Amino acid sequence: MAIAEKSNIKEPTGQGEGISLETLIDRLGPNAGIEFFNRIDQELRRGATIVGSTVRGSRGGFARAHTTGQAQFVTPGRTGSRDASEILSDSLVIMKMDDFEAVVKAAQKPFDWRQEFAPRAGLAAAASKPVLKRGSRGRRQLQA
Amino acid sequence: MYLLDTQQVMDLFGRNEEKPIFAWLETAKPTDTDLFVSVVSLGQIAHAIEAMNGGQRNQWRRLFQEGRRRIEELGSVIDIDGAIVDVWQSDLRGDHLADIDGAEEDYGEDDRLIIATAIARNYALVSEGDRVLTEIAERTTLTLIEP
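Protein chains in written order, with our numbering: chain C, 1 to 144; chain L, 1001 to 1147.
In short, the hints are calculated from the structure, not lab data. Just to be clear, a hint being listed does not mean it is correct.
[To be verified] Within a straight-line C-alpha distance of at most 30 angstroms, the following computed DSS-like cross-link-like pairs (lysine-lysine) qualify:
hint: 1; chain 1: C; residue 1: K129; chain 2: L; residue 2: K1029
hint: 2; chain 1: L; residue 1: K1029; chain 2: L; residue 2: K1019
hint: 3; chain 1: L; residue 1: K1029; chain 2: C; residue 2: K105
hint: 4; chain 1: C; residue 1: K96; chain 2: L; residue 2: K1029
hint: 5; chain 1: C; residue 1: K96; chain 2: L; residue 2: K1019
hint: 6; chain 1: C; residue 1: K129; chain 2: L; residue 2: K1019
hint: 7; chain 1: C; residue 1: K109; chain 2: C; residue 2: K96
hint: 8; chain 1: L; residue 1: K1019; chain 2: C; residue 2: K109
Small disclaimer: the values here were computed from a predicted structure and weren't measured.
Could you build the full structure based on these sequences and the hints that come with them?
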């Protein structure tokens, strides 16, 4: 699956309706927005825009949504006169749990042990660097 | 999954980013659920801190308190359980390592319980390593990583 990059966003040609990747990024954040976009069914994507299926059309989409990376995006009603954020708010998504999990995880800041144990205000790095020498008979003894 | 040996835990708690453990963390990038510490290591560190001199001891007590609190919050502390004791009993305890030169002197039962924890959980032991540990790794399923 091609990874959509924000730098590659292009206006769709001849597509007046739909949700742009840019709008998704504004609403969900860059990582989750891109991950979500990439997990929408290719057939619903036009360049960097998602053109949702209708409610009626989505009935046949449940089976496809069972497959990872083919989440269905359903836009209820007519979309022509509405702005993108309004369409996005009213839209529905049918997606496999694996897709949902990937989007949620993409939105999370990755855990960093280095950062967790970096010196910080009120807790400076140790002035000494003790070495725990493997000691004799069951003890580790502190080496000065 | 990784189990930090005691020295690596102490280096982590010491927050001194020049220590090799920090370079290893940058390379391995373990997640919050990938890295563990034996409760035995916490005991060894607490013991070592009490042997320090005054000023050093005070700073290390605080570093230890904060470090321990954080890894407990993350659920990264491993207690000694039946599976660990089984490995210790069958492969590492007492005379099991008597034929490895230096093991009797250098590896106490607390160290062996840490090794048993890594084996029982099938975690790689992140340790500075030495000849004894290498020999233990050769005769058991222990995986050793030197940061």
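Here is what the structure says about each hint:
1. C/K129 with L/K1029: holds (24 angstroms)
2. L/K1029 with L/K1019: holds (16 angstroms)
3. L/K1029 with C/K105: Holds, at about 16 angstroms.
4. C/K96 with L/K1029: Roughly 28 angstroms between the alpha carbons, so the hint for C/K96 and L/K1029 holds.
5. C/K96 with L/K1019: Not OK: C/K96 and L/K1019 at ~44 angstroms, beyond 30 angstroms, violated.
6. C/K129 with L/K1019: Holds, because 9 angstroms separates the two Cα atoms, which is no more than 30 angstroms.
7. C/K109 with C/K96: Holds, because 23 angstroms separates the two Cα atoms, which is no more than 30 angstroms.
8. L/K1019 with C/K109: holds (25 angstroms)
When the structure is compared with the earlier hints, a violation turns up for hint 5 alone.
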